[in-house]
Every structure is written in C-alpha cells, then in structure tokens.
Amino acid sequence: MSCFLIFIRITPAQLDAFPAQKHIVQRREYEYAFTPDWFAAGAYARKDFDRPGLSWQFLEGEASDHYDLFGDGVLQTVFTPGHTLGHQSILVTLPNNGSILLAADAVYTMDHWHERALPGFLASAVDTVRSVGKLRMLAEQVGATLVPGHDPEMWSQFRLAPDFYD
Numbered sequence: 001m002s003c004f005l006i007f008i009r010i011t012p013a014q015l016d017a018f019p020a021q022k023h024i025v026q027r028r029e030y031e032y033a034f035t036p037d038w039f040a041a042g043a044y045a046r047k048d049f050d051r052p053g054l055s056w057q058f059l060e061g062e063a064s065d066h067y068d069l070f071g072d073g074v075l076q077t078v079f080t081p082g083h084t085l086g087h088q089s090i091l092v093t094l095p096n097n098g099s100i101l102l103a104a105d106a107v108y109t110m111d112h113w114h115e116r117a118l119p120g121f122l123a124s125a126v127d128t129v130r131s132v133g134k135l136r137m138l139a140e141q142v143g144a145t146l147v148p149g150h151d152p153e154m155w156s157q158f159r160l161a162p163d164f165y166d
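In full-length UniProt numbering, the protein residues as written are 1 to 166.
Hints in this document: simulated from the structure, not taken from any laboratory. Please read all numbers here as calculations on a predicted model, not as lab measurements. Please note that a few of the clues may not be correct.
What the hints assert, rightly or not - 20 Å max Cα-Cα, derived DMTMM-like pairs, lysine to aspartate or glutamate: (1) Lys22 to Asp65; (2) Lys134 to Glu60; (3) Lys47 to Asp16; (4) Lys47 to Glu31; (5) Lys134 to Asp111; (6) Lys22 to Glu60; (7) Lys134 to Glu62; (8) Lys22 to Asp68; (9) Lys47 to Asp37; (10) Lys134 to Asp68; (11) Lys22 to Asp50; (12) Lys134 to Asp65.
What the hints assert, rightly or not - Have a look at the derived ranges for each label pair, beta carbon to beta carbon: (13) Pro95 to Pro162: 16 to 26 Å; (14) Thr35 to Glu153: 30 to 40 Å; (15) Ala117 to Phe39: 15 to 25 Å; (16) Phe39 to Phe164: 37 to 47 Å; (17) Leu118 to Gly71: 15 to 25 Å; (18) Tyr165 to His66: 16 to 26 Å; (19) Asp65 to Gly143: 12 to 22 Å; (20) Gly98 to Leu160: 11 to 21 Å; (21) Tyr165 to Pro52: 29 to 39 Å; (22) Glu31 to Phe121: 12 to 22 Å; (23) Leu118 to Trp38: 19 to 29 Å.
Think of the CB as a built atom: it goes at the ideal place given N, C-alpha and C, for glycine as much as any other residue.
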C-alpha cells in the first residue's frame, strides 16, 4: 500500500523490491500523478511509477474507504485527500497493542492535528481539514494511537526497531 505517489514516498527501489506484488493506491492519486497541476508537477517523478510490469490495484476514494487488505481487519486504508488528491492513511489494528493510525501526510504534526496550522504542501486546504476531522473521529471511535507523518517530537513516544508492536 502506498499512501501517495510523490517521489519521496515511492521509489523505483521500493517497487523493484516487490516485483510480483500489487501496489495498492487510490485511482485518483494514480491518475493525478500523470497530469498534476503545475504547482505539484515537481513532486511526481513519472519514471518512478510509470514502469512496465508493475501490478496496480486501484481504490475508489469514498466508495472503497476502509478497504481491508487481508480481510481480517488488521490493515485498512482510510481515504484522506488533501495533501494530495488521492492520499490515503492506514489503520493498523493489532491484537495486543490495539489500533494505530498511520496518518502519513494527512497529518504532518500535532499542530496540524490540533488545528493550529496547515501543512506546507497541500493540494486542497478544504480536503486537508476535512480529512483531519475524519481521522480524529476515527481515532476516537477505535481508540487509536495517532502517528503523524512529520513530527519529530512525537517519535520518542513510539517503539522503534528492534522493538515492535503486536
């Protein structure tokens, strides 16, 4: 699963590491990556994802929200447009540690989460704010621990390798 296709998140090496695997993205993200707006064009490196032999599975935004990757409730996508048009976050539900919400770039920092600031790059401010609200409601409903995408002050609160969650 890729949260989005901007070049810093998906690279040829990552794609090559799993040549026979399906790469699960939002259709809206995939299509936008081929014809981005002028202000986003530099963030998408077409040569990274427009490659022969890659197998894609496209999700359809709200229509496929909470797509369950394995059908067991452990990994689910959450459609969170804003940072990019087809951004998705990941809800991980583990038997011993409960739910962990990997917000990726839907929530850069806790300032963003608490509505004190917007992130530096976004495709839609309105979608960004709505997606944060959606994630906030989801986190409250399932008691999820939030992992923002770019908040170094938060990292000390999480287990880092070789420690793990289960």
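Results of checking the hints against the structure:
1. Our distance criterion of 20 Å between C-alpha atoms is met by Lys22 and Asp65, whose separation comes to about 18 Å.
2. With a C-alpha separation of about 17 Å, the suggested pair Lys134 and Glu60 falls inside the 20 Å cut-off, and the hint holds.
3. Taking the CA atoms of Lys47 and Asp16, the gap is near 13 Å; set against the 20 Å cutoff, the hint holds.
4. Proximity of Lys47 to Glu31 is assessed by CA-CA distance (about 14 Å); at most 20 Å being required, the pair is judged to hold.
5. For the hint linking Lys134 to Asp111, the alpha-carbon distance of about 16 Å falls within 20 Å, and the restraint holds.
6. Restraint check: the Cα-Cα separation between Lys22 and Glu60 comes to about 16 Å, which is no more than 20 Å; the hinted pair holds.
7. Distance check on the hinted pair: Lys134 and Glu62 sit about 12 Å apart at the alpha-carbon level, within 20 Å; holds.
8. Distance check on the hinted pair: Lys22 and Asp68 sit about 14 Å apart at the alpha-carbon level, within 20 Å; holds.
9. Distance restraint check for Lys47 and Asp37: the Cα-Cα separation of roughly 17 Å lies within the 20 Å cut-off, and the hinted pair is therefore satisfied.
10. Simply put, Lys134 and Asp68 have alpha-carbon atoms about 18 Å apart, close enough for the 20 Å limit, and the pair holds.
11. About 14 Å separates the Cα atoms of Lys22 and Asp50, which keeps this hinted pair within 20 Å; it holds.
12. As the CA atoms of Lys134 and Asp65 are separated by approximately 12 Å, the hinted pair is consistent with the 20 Å bound.
13. Checked against the given bound of 16 to 26 Å, the beta carbons of Pro95 and Pro162, roughly 20 Å apart, stay inside it.
14. The given range of 30 to 40 Å is respected by Thr35 and Glu153, whose C-beta atoms sit roughly 37 Å from each other.
15. Here the CB-CB span from Ala117 to Phe39 is close to 19 Å, well matched to the stated 15 to 25 Å.
16. For Phe39 and Phe164, the Cβ-Cβ distance of about 39 Å falls inside the hinted range of 37 to 47 Å, so the restraint holds.
17. Checked against the hint of 15 to 25 Å, the C-beta distance between Leu118 and Gly71 comes to roughly 36 Å, which is inconsistent with it.
18. For the pair Tyr165 and His66, the beta carbons lie near 20 Å from each other, so the given range of 16 to 26 Å is met.
19. For the hinted restraint 12 to 22 Å between Asp65 and Gly143, the CB-CB distance of approximately 19 Å keeps it satisfied.
20. With their beta carbons about 18 Å apart, Gly98 and Leu160 fall inside the hinted range of 11 to 21 Å.
21. A hinted range of 29 to 39 Å for the beta carbons of Tyr165 and Pro52 is consistent with their spacing of about 36 Å.
22. The given range of 12 to 22 Å is respected by Glu31 and Phe121, whose C-beta atoms sit roughly 19 Å from each other.
23. Roughly 20 Å separates the CB atoms of Leu118 and Trp38, a value that falls within the hinted 19 to 29 Å.
In the structure shown, a violation is registered for the earlier hint numbered 17 alone.
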